[in-house]
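Since the structure of chain W is provided, determine the placement of chain S on it from the hints.
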Amino acid sequence: MSGRPADFIGRVGQHCVWTVAGESGMAGTYAGREAILDFFRRTQELTGGTYTVDLNWELDDGDRQVTYYRARGRRPDGRELELDQALVCRLDAEGCWLEVRALPYDQAVFDAFWS
Amino acid sequence: MTAEHPNAALMRRLFDAFGRRDGAALAGMFDHDVVWRVGGDTPMSGEYRGWRDVVLFLRGTTSETDGTYRSSLVWALGGDDHAAAVYRARGARRGRELDIDQLLLCDVRDERIVTATAIPFEADAFARFWA
Numbered sequence: 025m026s027g028r029p030a031d032f033i034g035r036v037g038q039h040c041v042w043t044v045a046g047e048s049g050m051a052g053t054y055a056g057r058e059a060i061l062d063f064f065r066r067t068q069e070l071t072g073g074t075y076t077v078d079l080n081w082e083l084d085d086g087d088r089q090v091t092y093y094r095a096r097g098r099r100p101d102g103r104e105l106e107l108d109q110a111l112v113c114r115l116d117a118e119g120c121w122l123e124v125r126a127l128p129y130d131q132a133v134f135d136a137f138w139s
Numbered sequence: 564m565t566a567e568h569p570n571a572a573l574m575r576r577l578f579d580a581f582g583r584r585d586g587a588a589l590a591g592m593f594d595h596d597v598v599w600r601v602g603g604d605t606p607m608s609g610e611y612r613g614w615r616d617v618v619l620f621l622r623g624t625t626s627e628t629d630g631t632y633r634s635s636l637v638w639a640l641g642g643d644d645h646a647a648a649v650y651r652a653r654g655a656r657r658g659r660e661l662d663i664d665q666l667l668l669c670d671v672r673d674e675r676i677v678t679a680t681a682i683p684f685e686a687d688a689f690a691r692f693w694a
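Protein chains in written order, with my numbering: chain W, 25 to 139; chain S, 564 to 694.
With the rest of the complex left out, here is chain W (with noise of 0.2 Å):
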């Protein structure tokens, strides 16, 4: 996986439940796969089509996941990330993500992009 996260939007289930941490215009939980495509998109507007993640590597067992990415964009103001970030997902009977819970390595620095 290397790109825009709409490599993500394969893996989002019907029901699944997006929560991202912190005090960001972007930190909330998003519930189900709708709510959660059009964050992914607002991901894109608020970084004029910049924002990318790319995968250091990722882990599970058919119940449980673990996404480890590497992502980067720029805000139109100047404002750069380039920021460690993991997903701690469920998985569903698919293998679709049903919860997810987005962490940043440094929530500071998440926070600083997305406000």
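Because the hints were derived from the structure by calculation, they are not lab data.
These figures come from a predicted structure and were not determined experimentally.
Hints should not be assumed to be uniformly reliable.
As the list claims (entries may be wrong) - If you want a taste of the chain S side facing chain W, the calculated C-beta under 7 Å gives, among others:
(1) 598
(2) 602
(3) 606
(4) 640
(5) 645
(6) 647
(7) 666
(8) 682
(9) 686
The beta-carbon is built from N, C-alpha and C at its ideal position, and this holds for glycine as well.
Structure of chain S alone, referenced to chain W:
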């Protein structure tokens, strides 16, 4: 039942050794040049390089909390070159309490941890506790 991957078992041994405060066992699970990363800007944040500094850092979680700091493994995943663990971190320090989940992400070589990256699920609670 699927057998546990050796690197998931390594995570179990790591948390077991930490729970026993067994520094020698911990050191044996680290590559000589291991790097342990803690995000944020608390006094505990930073990059600890080499097994001695990493063991000292882990001891610091005990000394900074009057021995109350505990980390209990919740679940672990292992792959050929990596391991991940979700654990519950609890402790008391200067009148403050910690009780949060944290994530440990490890690169592993020859069943030894080469890099470890710790990420709290609740960064604010982590920062308040260790400040």
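**Asked** Hints broken by the structure, by number, lowest first?
**Response** Those not satisfied are hints 1, 3.
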